[in-house]
Structure formats: structure tokens, C-alpha cells
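The lines below spell out each chain.
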Amino acid sequence: MSDSSPYLPTPAALSAVRDETPDIKTFRVQPEQVFDYRPGQFVMLSLWGFGEAPFSIASSRSDGDTMDFSIKRVGGFTEQMHLLQPGDEVGVRGPFGNGFDVEPARGANLVFVAGGIGLAPLRALIHEVLSRRQDFGQIVLLYGARTPADLVYRDELDRLRSRSDLRVQLTVDLGDGKWTGHVGVVPELIKKAPEDFTRWTAFVCGPPIMIRFTVQALLARGLEPGRIVTTLERQMQCGLGKCGHCYIGGKLVCADGPVFTWQQLQEMGAEP
Amino acid sequence: MGNAKTNMPEYFLKADDLQALLSALMASARVIAPVRSDWEEVLFEPIVNGEQATFEYENAVVSPKDFLLPQTEVLARYRRVGKSYQVEAPIEAPPQVIAGIRSCDLSAVQIWDEAIGSGEYPDPYYLARRRGTTFISIACPTVFENHFCAVLDTGPTLQSGFDLHLTAIEGGYAAQVGSDAGLRLVTEQCRFFRPSAPSELQQREQAARDAVAQFAARFDIAAVQRALSSGADLDAIGDAASRCQDCGGCLFVCPTCTCFDVRDYPTGENTGERLRTWDTCAYAGFTRMAGGANPSASRDVRVRRRLMHKLVYRLESEGLLGCVGCGRCIAACLGNISLVDLLARLGGQEKSRVG
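Going line by line, the protein sequences match chains E and V.
Start counting the first sequence at 1; every next residue gets the next number (the working numbering).
Start counting the second sequence at 1; every next residue gets the next number (the working numbering).
Since the hints were made in silico from the structure, they are not lab data.
Please read these numbers as outputs of a predicted model, since none were measured by experiment.
Possibly wrong hints are sitting among the right ones.
[Unchecked claim] Partial list, derived from the structure: chain V residues whose beta carbon lies under 8 Å from chain E:
no., residue
1, Asp17
2, Arg194
3, Ser196
4, Val262
[What the hints assert, rightly or not] Here are the simulated lysine-lysine pairs, BS3-like style, with alpha carbons at most 25 Å apart:
no., chain 1, residue 1, chain 2, residue 2
5, E, Lys192, E, Lys178
6, V, Lys83, E, Lys72
7, E, Lys178, E, Lys25
8, E, Lys72, E, Lys25
9, E, Lys25, V, Lys14
Beta carbons are placed, not taken as given, at the ideal position from N, Cα and C, and that holds for glycine.
Excised from the complex, chain V in its bound form:
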């Protein structure tokens, strides 16, 4: 689990060795990496060979959230015996390596840690997986379409949160160690790594500066927060609500969303499972109570609430913005609602350039 380590060593990894490294890691852990499908989409998948992984990609269609907070997971299994029940909670977490995760998605992990892994009831299902997960992140060399991480300080490169952070430089990758787990990985796989030369450190720093320089300042997040918190009717919210199709797509692809639904599914006459499944506040039914009362029946209320939760409330309750600037919600929206444009408008700026 990656906390910032200021004086951790840096290494050089040859470009040709990255896939071999992943193959070597498979001896002791499940390895999840970006894989390009036959349809040219890149998705995080468990791999059986390092050669399946691609590192020439913008960002995966969805974040690797599913491997720490599965879209559906079993909270408990029950078996009826007479009038009583035998119940067990399957908390299982084989070790896994998530390789190729971008800075934005890794920033979302910190939000999961706060929202799900902390508080009065730290979630044991999540924490078991989290403790068994090693992150090998990769810095973005350039601005990808719809991305605005630099505005939110969640990329294109990172200072902490990773176990090992890769930045492409001449001939390979600069590898920054961010945790004891990262150091252990480098030590155990030492045949792939050598200490960085001073020129390689400079290249890594230059690559980070070059990537940041490509981001235009698209909106002022403080101005957006002031506008949302004012409580005033906002045309930008009304316009977004009028185009929202209630599909929830924006939130199902959102790496920071952590809300869920709990339901029982019988698997037999006397057996069944209690499942936790991703859910979204975009749905009118999210807040509807038995009996029909619904405090968030209006779409305007829900659109505003979504933005307030991500941009204001999470900062108050968890100390982190609930948006990492990955832009996936923009790609997913059936109503062509662009979060970047919406934020620019809320922040009182001109309609922004995108991409």
C-alpha cells in the first residue's frame, strides 16, 4: 500500500523487459494489465502471459475498480436449517498486481481507501483485496481526449499512492519506488532493474513537465465549488438535467463512485447469497423509500447532488475531490453532456476546448 516515500531509490527498466517482468510476477500473484481487445478497446484483464499486456494506450475503457470493488460481490452466503440459518462471509483476497494503471485511476484508489476502507466500519472485503494488491502505475506522456487530471492534481504523473511508478524515457522506463511493497518487488525481480543514471532522472522529470505543459487551464475548480455551494438555480445544471437520460452510464464508468446496493438472491430452496452491487445516484430509485416517498425525485436535484458529492462533499468528508479528471463520463454520456464543459460553465468561463 503506497504512502509517499521521499527518498526511495529509482531504477531503469528496459522497454523490452516490462512484459517479461509481468510474466515473472505471475509466479506469486494474479496479474491484471491493460489488454487490447479484438475491437481495439483496451480493458484491464487478468493475463496469463506478459505479452498480452499493452502499454501503448490512452486509457482503459473502465478503471480497474472491479478488481478491488467488484461490480457484484458476495457479502454472505446462507443456508436455512430448520428455523435457523448457517451464514458465512467469504472474505477472500489472493495477491494481485495491477499493472499499467494510469495516474487518474490510482488517485481514485485513495478515495476508495477513505470512503470504503476507513471510518467507523472499515470494509473487510475491500481491505483484504487492497492489502493484497500491488500497483504498478504508468505516467501519461500526453493529454488524452477529455482528460483534465492536471486541473485536479491527479495526474498526468504522481508523487505517491503507487508501489512502482513508470515513466517512459529513452529506451525504457524510469521506475520510482513508492512503498515497501514496491521495493520488495524490485529486489525480488532485480534482474530486470538497474539503478537510474542521473540523466535518466532528468529525462523522467522533463517528461513529467512536458506532459503537464500540454494541459490548458480549462476551469477554476474553486469557482465551480462556489457556484455549486451557493444553492442558486444554475442554468448549467438545468441544461445538463434536461439532456440526462437517467442511464447511470457516467457513474458506472466513474472510478471514484463507490455507492452500492445490497440484495439477496436465492440460489436454491434453502440457500442463497446476499450480494453487493454497484449502484448510482443518477437513478431516481436510488433514494426512493418503501411507500414511495423520494427526496431526490427530480433530475435537477440528482444532477446537482452528483456534482456536489464529487466536488464539494467528498472534499469535506474525505479530504479528497471525488473527480480524478479521467473524462470517462464524457465518453459514456448518451446525452452528450461534457463534464469539462459543464465545469467550465459553472466556473463562469468560456466554453472550453476539449481534448
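If we strip away everything but chain E, and leave its shape as in the complex, we get:
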């Protein structure tokens, strides 16, 4: 018997569970052994008896020793996660993947573009960037969801909107009676933005189709493919670069990604 298996997760207690939308909850966990991680990295969350699934870390190490995961109920594992209560135990393996590298963007203007639950990995990066706000120029966050009820982190978005050192704009595909904001898909916000995005760095995350149209809109506004950074979802099963499920071209999303520039994806002949 050995405890050196990279497949054994670290036990972690759920310290808080928050409803974000009708089908998304944010789970705050406290791993028994705290580990360092970068924004954009992911972990395998483990529920004994139900298996494991990959989730990007929605918090930044600058937030403290706990980790946040925003999880949409879409299948067996996530349904089980949604049944958990504070005090329940999960397992955490990781962190895995490359994560975002903001150093090349130091001093640059940043635009974050997120769709739906795609705001989760960008939230980690936004926390990191705001913890050293002086290192960056202008910051814009463009975020959209299907309906107002599907927007995540509403309180936090309100706080961000009240800040004077960044611009936040929200949109929904379909408004409700109370929604007075923008209605339309996220790429429209890019087309209408007053900023000259030419030398900006963009961080994009959302469903594959949203990423494709967002990148087209960013390219049309003059951003360079090497400065458009996205993070991809795949069916990671091991996180260790072994199981093969997350292949993209000749690379593995778990080891070589999940963060790629648009230029890298084009060179790999890969789709988001």
C-alpha cells in the first residue's frame, strides 16, 4: 500500500454554498492541505462514489486559503455536488494546467469578456489583477448571460460596477420585465465599446460558440491574435496528461492548457 498515488485527492470541507442562478451554485472549500495556484488553473473535484470532474478555480490565491468553484448542474456529478451542504467533504486534486500569465500584459489595457459560467475562471484573474491594480492600464469587463437570472456573482458585479477604475457592462440574450440593461449577445458589446482596443489584451471565456464570435469581434476591433487569451473546457479525467480525453491537436488541455492564445489555437488547427 502506498499513499504516493497522484490519483488520491486532498480532503476538503465545504465551508459555504451559495446559489448564483437557478442552476449554478458557488462552493467554497477549505482543503486540508492548502496549495498554491494561479488564476486559470483547474482542479479535479472528487466525490467518492460519483467520481471526479474538472473545474476551474473561481477564486484567486490572493483571496485566502479557501477555494471557490462555481458549478452548473448539467450532469450526474454536478447534480450530486448541488445536493451538498456546508460541512460536507469533497476531494481536491491539483492544481493542474498552465493558468493565465498576466505578466506579458503588465502595463497594458485589459478587456475581460465572459459568457454565462465562463466568468468563473476570469473571476480568479480579475481578483488577481485588482489586487495589484496599479500594474495595469484601463480595465473593461463585458459579461453576458441568457437571462438576468443567469448572471452569476450579482453582488460582486454590483461592487465592481461602483468602482471608478474599471468599466463593467452586462448584457442578456433575453430580458425580463425588470431588466433595464443591454439586451443582445456579448460580441455586440465589443462592437459598441467606446475604447480603441487596438493594443489591448483580451481574456475570453464562455461556451465554444460564444468564444468564436467574441474572438471575431475582437479581431475586427484590431486586437492581435497573440493578445487574445482564452481558456477551454474539455473532458479531463485524470489531470495528469495521461488519460487522453482532453486532446486538442497534438496537445493536452490539462497539461498544455487550458489557457491558449487565439494565435496558438490557430497554429494548432484547433477550435475552442
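Based on these hints, arrange chain V on the given structure of chain E.
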């Protein structure tokens, strides 16, 4: 574990003594050898007597991969206690000898070493078995049906990778030692071995030359790689995809495939196992995500990807071709897709002779 040893000694083993040698090895290790079943199939199996083993065979239906990378293995066992879990990882590896492994299958072991046994997270389950395994390989005397190892330099005989490598010659086998473990085996079982005579070395070399000479050059692997890497639509891929039945058979018999699935299986109300099981990129579900998005939903994409992974990407990431030319995928295919024909077509050559 066999690294190339250039000046290792060579021995002669009498044909009648090979089964007795295997019986003697059973005193200290599990011995796995090719066994002919009642249905005339040859399969690698643990034996209890050397006489069960056969060395008069083309190749086993499947490679002995299962004994190093089991089709299903337990990664962890868990027991729920209150709100917590007691967990253990059973990493167990009794010593074993795999005898009668052909050159193609032994070449696949190098791929497992790179893909599973190396990297940032070397797999401890595999490495424990690998370190406890001794390989006695056997050179192929002739070209067997569907085999194309000589084109890929993975046979019919080998220079390295083995602990002991046997080549049939007059009256018995020339036995080349390839590692310290092989040398130890010969030393401990010295009653079965005597140093080779110069004429026996010559016979062994001649046998290897004779075997290679029987292989026709069927395709140009560099031309195949160029065609696949071009990104162009290829009729040969489309035709293969149209005949593929999504059964995954080609990949389950492939000695080089190492992809797997991880799932939990409860064994009781509070207990269960986390299992690793072979999986294949031929299945549409291999890349399907929760929520339904699937970057490889089309069969054309999957067929191309399979070839790219084996013939281009593995060379880039692991320095080895992901095909060893064993031809098992051809025998397994329900859609009669011949990898040899497919590669010949991709390489721009005439439809090849097979076998």
C-alpha cells in the same frame, strides 16, 4: 528494465529446455506466456507449468498489455466514515516474467514507459509492475499476416528493450542478454544456458536478415505523415470513416493505446472503488463534455485524429511512433478497414499486398 547493452554476452538455449526454463522461473515469479486455447487462439496467460507455453505461433490475439496496464484496475478504495472517507491506493506488483513476447509488442512497452511511466506525473501503478517485470522476447522468423513492423523498425527482431531475446536457430535458440536483469536470469538459471559458439552468432544474424528480407516496402511513413499533417481533406480518411462502425475494436487490440477512463463503482453502502479502464478515442463520447459540447463529434475527425496521434503527435511528444506494425487492428476491424492499405493510400502508393 531493458536498456541497450552493446557488449552483453550471448548464450545458446536448447529448444527442449525453454519450457523447463519457464517452469524453473515460476519459483520466484508469476510467468506469463503464449498459450494455445482449445479454439486454436494464442493468448498470453499466467501459466502453472512451462509445458503450457507454445512458441510455435504467429502472434497472440492481443498483446500482453493487460499485465502491465490492466484493462481495469483499482486506483483507490474508499470507505465512508461519518462525513469523511478512509482511502487507500493499492499499488501492488508481484514479480512477473513475460515470455514469448514478439518484437512489436515489446516495442509498445517503450511507448507505455514514455506515455504512462514518465512525464510530470509518472504513474506509480504502472511503474511498480514495470519494475517487477522481466521480458523474454522472441524474434519472428517470417512475416505474419498483416504485419508491417519492418517498415516501422519495430521488428521482426530487436536490438534493445528486452531482458532476454530469443532467436530460433538450429536445435534451439540464440539468447541475447539485454539488461542486468537478463544477465541475472541467465546466471541464476545457468544450467539451461551455455555461451554461444561463433557459428551460432552467425546463424542468429542470418535469421534476422532472412526475416527482414521477407517484408515488402509497403508504404513510405514520411509521405503518410506529410499527407496527414497537411490538414487537407483526404479521400482515404473519408472512406475509412464511412466504414468505421465506432466499435473501438482496433484500439482495444492496439498494443500502443494507453487512454483510459476513470469511474467510481460502489461496492457497498459506504464502500467502493475508483477504477481506471481502457478507453478509446474511436468513441464519440470520448471527448463529449457535460452539457453535450463535443469537439470530436464527427467520425472523420476521430479517424484522422487516431492516425495523427499514432503517426505524428506521439513522435513529437514521446519520440516514438504510436504504431508498432502488429496488424491486430486489421484483424479486428468490423468494417474491413486495413491500416496497411490506408497508409499505402495516404502515402500515395498503389494498393499494397497484404500478408
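The hints, checked one at a time:
1. A hinted interface residue such as Asp17/V counts as satisfied when its beta carbon comes closer than 8 Å to some beta carbon of chain E; here the least separation is about 39 Å, so the hint is violated.
2. Of the supplied interface hints, the one on Arg194/V is violated, with its beta-carbon coming no nearer than about 42 Å to a beta-carbon of chain E, more than 8 Å.
3. Evaluation of the Ser196/V hint against chain E yields a violated restraint, the C-beta minimum of about 41 Å exceeding 8 Å.
4. Interface hint at Val262/V: satisfied, since its Cβ lies 5 Å from the closest Cβ of chain E, which is below the 8 Å cut-off.
5. Under the criterion of a C-alpha separation no larger than 25 Å, the hint pairing Lys192/E with Lys178/E is consistent with the structure, at around 23 Å.
6. Pair hint Lys83/V plus Lys72/E holds up; C-alpha atoms about 24 Å apart against a cutoff of 25 Å.
7. Only pairs whose Cα atoms come within 25 Å are accepted, and Lys178/E paired with Lys25/E is accepted, the gap being roughly 23 Å.
8. For a cut-off of 25 Å, the pair hint linking Lys72/E to Lys25/E stands: about 7 Å separates their Cα positions.
9. A threshold of 25 Å between alpha carbons decides the hint, and for Lys25/E with Lys14/V the separation of about 71 Å lies outside it, so the pair is violated.
Going through the hint list in order, the structure does not satisfy hints 1, 2, 3 and 9.
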